[in-house]
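Asks: Construct the complete structure from the given sequences, taking the supplied hints into account.
Going by full-length UniProt numbering, the sequence shown opens with residue 1, and the numbers climb by one from there.
Keep in mind that the hints were calculated from the coordinates and are not lab data. You may find that some hints are simply not true.
Simulated pairs of lysine to any residue, SDA-like, Cα-Cα distance not exceeding 25 Å [what the hints assert, rightly or not]:
(1) Lys93 with Val127
(2) Lys93 with His52
(3) Lys93 with Phe133
(4) Lys188 with Met41
(5) Lys38 with Ala23
(6) Lys188 with Ser220
(7) Lys93 with Arg51
(8) Lys93 with Glu330
(9) Lys188 with Ala204
(10) Lys38 with Met1
(11) Lys93 with Ala119
(12) Lys188 with Ile208
(13) Lys38 with Leu192
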Amino acid sequence: MMRNVAILGASGYTGAELVRLIAGHRGLRIAALSADRKAGMRMGEVFPHLRHLDLPPLVRIDEIDMGAIDLVFCALPHATSQAVIASLPRDMKIVDLSADFRLRDAAEYRRWYGQPHAAPELQAEAVYGLTEFYRDEIRAARLVAGTGCNAATGQYALRPLIAAGLIDLDEIVMDLKCGVSGAGRSLKENLLHAELSEGWHPYAVGGIHRHLGEFDQEFSALAGRPVEVQFTPHLVPGNRGILATCYVRGAAGDIHAALAGAYADEPFVLTLPMGEVPSTRHVRGSNYCHLGVVEDRRAGRAIVVAALDNLTKGSSGQALQNANLMLSLEETEGLTMAPLFP
1 MMRNVAILGA SGYTGAELVR LIAGHRGLRI AALSADRKAG MRMGEVFPHL RHLDLPPLVR
61 IDEIDMGAID LVFCALPHAT SQAVIASLPR DMKIVDLSAD FRLRDAAEYR RWYGQPHAAP
121 ELQAEAVYGL TEFYRDEIRA ARLVAGTGCN AATGQYALRP LIAAGLIDLD EIVMDLKCGV
181 SGAGRSLKEN LLHAELSEGW HPYAVGGIHR HLGEFDQEFS ALAGRPVEVQ FTPHLVPGNR
241 GILATCYVRG AAGDIHAALA GAYADEPFVL TLPMGEVPST RHVRGSNYCH LGVVEDRRAG
301 RAIVVAALDN LTKGSSGQAL QNANLMLSLE ETEGLTMAPL FP
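Replies: Here it is as structure tokens:
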């Protein structure tokens, strides 16, 4: 049986990525697409690479018949999703790709996003959407909060190590590079070609990046005590991809064995042979995350590297993986395409 889905905010990068993925899905039908400024247009006009698909027109959210929809993907900007999701039917299954429901504590949301949460009752209901670690909860959930793409990358590298007690929790340094699509499709001066190209730009330096709220929440829960990583993201002049290089104190061999064991049965997380490191070019356009471990020249230290596509495994692919679970479909359906290369 085909299930009808709606994509709210379909004119953004994650919305377009959802359409690309669902177009090859055997169990889902795109029944509605919404946009704000581009309402009334065809998806092929907004994204010419999708013009071959037979898609419904972009409409405003209030024009969608939600009674005909089985699941909603909410790909709206941060702080917008709260009110929209609160207005949807209470039995509607929802995967939210924004940051609005990622943090369980309302005070933490206010701390990191600078405003009170508009739907705290839904915030308490939402399940954190890191599929490999919340699979059972996601399968039973009505509302799933997609992770931040940076937060997902770092967690794939570090969660098994923290859970197993293999690294010093007070000495975790993460250096992360992200392609420009991670900043969204809105026009911003610092993302103009002349401003961005031919340079790499650290940002949110000194512990003010919002995804730190997710690291704090998830790593501290795993460890049973506060864990704060040192984290600096960099914007690089590429379209897609995240590469996180994590410096930790621990035995490299044990770290590699723990990652290989933790992800041995996971369809989308691959641990490379010891000493090999991943590249964003090897996961581009796919739902795969590659992990590598290298022993540092200093005894008792290791380097863990994670690579994924921020629009796929870091966002829309993760959202589809979660939707498959929520609708009792095969988890990998629509997501096994090989990465694009070169």
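Asks: Against each hint, give a clear statement of whether it holds in the structure.
Replies: A quick look at each hint next to the structure:
A distance of roughly 12 Å separates the Cα atoms of Lys93 and Val127; the hinted pair therefore holds under the 25 Å criterion. With a C-alpha separation of about 29 Å, the suggested pairing of Lys93 with His52 is violated against the 25 Å cut-off. Taking the CA atoms of Lys93 and Phe133, the gap is near 20 Å; set against the 25 Å cutoff, the hint holds. Our distance criterion of 25 Å between C-alpha atoms is met by Lys188 and Met41, whose separation comes to about 23 Å.
The straight-line distance between the Cα atoms of Lys38 and Ala23 is roughly 21 Å, inside the 25 Å bound, and the hint therefore holds. A hinted pair counts as satisfied when its Cα atoms are at most 25 Å apart, and Lys188 with Ser220 does not qualify at roughly 34 Å. Between Lys93 and Arg51 the alpha-carbon distance is near 28 Å, which puts this suggested pair outside the 25 Å criterion. About 17 Å separates the Cα atoms of Lys93 and Glu330, which keeps this hinted pair within 25 Å; it holds.
Annotation: proposed proximity of Lys188 to Ala204 holds, straight-line Cα distance about 16 Å (limit 25 Å). This hinted pair does not check out: Lys38 and Met1 have alpha carbons roughly 31 Å apart, beyond 25 Å. Distance restraint check for Lys93 and Ala119: the Cα-Cα separation of roughly 16 Å lies within the 25 Å cut-off, and the hinted pair is therefore satisfied. With a C-alpha separation of about 20 Å, the suggested pairing of Lys188 with Ile208 holds against the 25 Å cut-off.
Under the criterion of a C-alpha separation no larger than 25 Å, the hint pairing Lys38 with Leu192 is consistent with the structure, at around 21 Å.
Checked against the numbered hints above, the structure breaks hints 2, 6, 7, 10 and satisfies the rest.
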